[in-house]
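A.B. asks: Here the protein sequences come in this chain order: A and B. In our numbering, each residue carries its 1-based index in the first sequence increased by 63. In our numbering, each residue carries its 1-based index in the second sequence increased by 222.
Rather than coming from a laboratory, the hints here were simulated on the basis of the structure. Quick reminder that beta carbons are idealized off the backbone N, C-alpha and C, glycines included. A hint or two may mislead.
[To be verified] Here are the simulated distance ranges between beta carbons:
1) B:Arg-239 / A:Gly-255: 38 to 46 angstroms
2) A:Val-189 / B:Leu-265: 34 to 42 angstroms
3) A:Asp-226 / B:Val-282: 53 to 61 angstroms
4) B:Asn-345 / A:Gln-315: 53 to 61 angstroms
[Claimed, not checked] Which residues of chain B face chain A? A partial, calculated answer using Cβ under 10 angstroms:
5) Ala-226
6) Thr-229
7) Asp-231
8) Gly-233
9) Lys-236
10) Gly-237
11) Gln-330
12) Gln-331
13) Pro-400
14) Ala-409
15) Leu-410
16) Thr-413
17) Gln-416
18) Pro-424
19) Ala-425
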Amino acid sequence: MKEQTPVTRAEHTSVTPTDDKPTDEPAAAHVRLDAPSSTLRPVDGAPDGVIELRDLEVFYGDFRAVKDVTMGFGSKEITALIGPSGCGKSTVLRCLNRMNDLVPGARVQGRVAYHGVDIYEPEVDVIEVRRRIGMVFQKPNPFPKSIFDNVAYGPRVTGMKTDNMDEVVERALRGAALWDEVKDKLKQNAFGLSGGQQQRLCIARAIATSPEVILMDEPCSALDPIATAKIEDLMVELAATYTIIIVTHNMQQAARVSQRTGFFTAEADDMGHRTGRLVEFATTEHIFGNPTDSRTEAYITGRFG
Amino acid sequence: MTTATLTLDHGLRKGRRGTLGPSVFAFVLWACLALICAFLFFLLAVIVQKGIARFDLDLVTNQPSKIRPETAGVASALYGTLWVSALTAFIALPLGIAAAVYLEEYAQQNHWWNRMIELNIQNLAAVPTVIYGILVLAFVVRAPLSIGAVVLAGGIALALLILPVVIITTREALRAVPEEIRSGSLALGATLWQTTWRQVLPAAVPGIATGSILALSRAIGEAAPLILVGATTFVTFNPDGVLSRYTTLPVQIFNLVPQDRQEFRDLAYAAILLLILVLLAMNALAIWLRNRYQRRW
Ligand SMILES: Nc1ncnc2c1ncn2[C@@H]1O[C@H](COP(=O)(O)OP(=O)(O)OP(=O)(O)O)[C@@H](O)[C@H]1O
Ligand SMILES: [Mg+2]
Chain A
64 MKEQTPVTRA EHTSVTPTDD KPTDEPAAAH VRLDAPSSTL RPVDGAPDGV IELRDLEVFY
124 GDFRAVKDVT MGFGSKEITA LIGPSGCGKS TVLRCLNRMN DLVPGARVQG RVAYHGVDIY
184 EPEVDVIEVR RRIGMVFQKP NPFPKSIFDN VAYGPRVTGM KTDNMDEVVE RALRGAALWD
244 EVKDKLKQNA FGLSGGQQQR LCIARAIATS PEVILMDEPC SALDPIATAK IEDLMVELAA
304 TYTIIIVTHN MQQAARVSQR TGFFTAEADD MGHRTGRLVE FATTEHIFGN PTDSRTEAYI
364 TGRFG
Chain B
223 MTTATLTLDH GLRKGRRGTL GPSVFAFVLW ACLALICAFL FFLLAVIVQK GIARFDLDLV
283 TNQPSKIRPE TAGVASALYG TLWVSALTAF IALPLGIAAA VYLEEYAQQN HWWNRMIELN
343 IQNLAAVPTV IYGILVLAFV VRAPLSIGAV VLAGGIALAL LILPVVIITT REALRAVPEE
403 IRSGSLALGA TLWQTTWRQV LPAAVPGIAT GSILALSRAI GEAAPLILVG ATTFVTFNPD
463 GVLSRYTTLP VQIFNLVPQD RQEFRDLAYA AILLLILVLL AMNALAIWLR NRYQRRW
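Extracted from the complex, chain B is given alone in its bound form:
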């Protein structure tokens, strides 16, 4: 018997499927990407160009001023942002991670109340952020808690805001831990708590950290709920505790932009640049964490 030989004409020749469709599709995808990048680049360029003039040491060391905008800074807003975000993390992370651990590791998935909680968390993540502001204004800033427009109120508002995101990303990180790790641990006689604490959580830490940092960076950029809980006041001192009056960078920018003197607007651009740099640094940290500790199972 002779071996059959093939020629290209036995259907192997390329081009039968047409080349136009795929290349048009690839071009459209590429064009979308280019448009997004161009837009982002344009935004950044404008901000850098207009903000660089006042992007100096005065910006972070001096307090806001109504009469001397050319040397005024946003020190109180920068410190306010640090205070509020630290407090947000302090409230939202333990609560969110604990809730996720309960839902993922402990809850019986087939009980209707657990499915209900799950559904509600998904919905909370989609609630407009001002709603959280109104909620905290109504119950925390005013009666019954009446703590006033202080750092704690801002922290609570932002913590509520990012809680659903923290829960959802933590659950995803927990779900990425293979089931075999859990059964291996339980089969050795470890309790569910030991298994969660010693195996599952450590394995999920990179994912949890990444998600939490991204959630926090979202909180830092948020102005709307803080305006409602009273961060708008003109503050010329750094906060000195959780019950101190405060302002934050986004709120400060919100106040500076409508001023009619050009110096105020330059200051606003510089503050925007500062805020963007803070957010970029946080996102870079999140990406680094993810790449550094990512596990292949």
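Chain A with its partners taken away, still in its complex shape:
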């Protein structure tokens, strides 16, 4: 194992995540916050960062997709990654459980530390990383199997020791607020579920292996508003147990569910290469209430109108 590096940034005061709507009374909300000294540094490192990124840089072949990403993800918090299309949010998210390994030519530089261990070290077991850091995709992607087998798949392949698979499946489905809807048809094919149910099944599937972190890449973008609201409620509930990192294009969603928000953007350099970077990372109230960077403000207000 690697040496433990301190995950937290210097003296940052405890910032209690609040559930106020950030757009309400912004002024009162962030007098307490430390003002960021540099837009490239996190405003305040996550209290006890589960995952820490330091100078992360990702290449696809010769193309540098993102650079200079330094941020931390707090335990049992929801962190939202927002920004315009193509700025590298998914790229950063995929680095966190090494799903970028699957992209031919993808290369990661910098440090991705999970509890202080750089997950890109050669000795690290990528299987174990992915078991602990689960993922939910943009498009619901259940396996062409029964609902039960979908949820049981993770525990089975990772050789999780379970006395009773029925119990594991039930717990995961309850955790994903799906149990009542499917308890009578566990043997039916998962493709028979609605899109929203399929997405909650994918969440159940992800939590069945008892991960610590759940990554979600635009998990609601294929869903209608009611299914979206259900997933949002679920996320808030899950945050009691799991650390959640979500990419979203829906800013109200980021504002509603997350405690911390990172804003990314991609700007062309002199050579015309567009490289994504983290512009501002702070509490959600700060980002949505009184962003430090003008680009963040332009993006937020542009969308809120």
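Assemble the complex: chain A is given as a structure, and chain B with the ligands must be docked to it using the hints.
C.D. replies: Showing chain B with the ligands alone in chain A's frame:
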């Protein structure tokens, strides 16, 4: 403001684009199809008409005979075909599917040697079938392996022949499995092997089975390479193992047709009918499999 109304003369009237071109084109397409169907139907009709007389139980139970063609059968050739095709499947399917899985799931597509292998497989599928016969004759039937003109040699020749087809169709079946299935499995902490074995292969089985059956039915109808590896011998016993002498239906037909007595030719037509029925049954199975298990993702 009044709502504007349209009349047909605002360009909506049909016929402006002309109707002759499309209908001529449709007629030509239809005529091509009709010609092909007529030709096939004619072939089938002739075979049925000439073969039906000897299409009896003797055909499948009796052995070939040089002196009594009116009651002779093709039993040894039928069993030879079954033996050789079973052996072909036994050799070609595991090898072909494994190769396809490697190329599709494991190989780094951007390495030049993998692209080279791919190109060669495409080319192998286009190699004339006799070449495979010559290859097996030279290296397997004769020295260094010297196993002689036996079932195993025929199976090897046909397996080599259909291997590229099995690889190509299996790769297509694997490619049809959506990428999300793979990433979903890997993101749960499954290994590449678990993902392939538990998700990708089961999802691809219908496609693989369909392709394999079609490849096998092609092998069954093949005579040229088997003639080279020595299936031409006059055999009056059913094969009893992979090292037995043998003949197969296409080779038997090839031997019967040039005989000068009419009874031999009638027997040949009956054997052709039998072979066609076997092939139709296999193709029907392939189509049924495809429709039954086809998945919409
Ligand atoms: N597999 C890949 N191969 C090559 N380039 C890629 C790949 N995936 C992403 N990119 C490039 O990397 C950059 C960042 O892409 P990414 O998908 O991370 O953006 P994003 O912020 O998630 O966008 P969106 O909001 O549209 O999902 C883009 O310029 C994109 O073209
Ligand atoms: Mg994305």
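A.B. asks: Of all the hints given earlier, name the ones this structure violates by number, lowest first.
C.D. replies: Violated hints: 2, 5, 6, 7, 8, 9, 10; rest satisfied.
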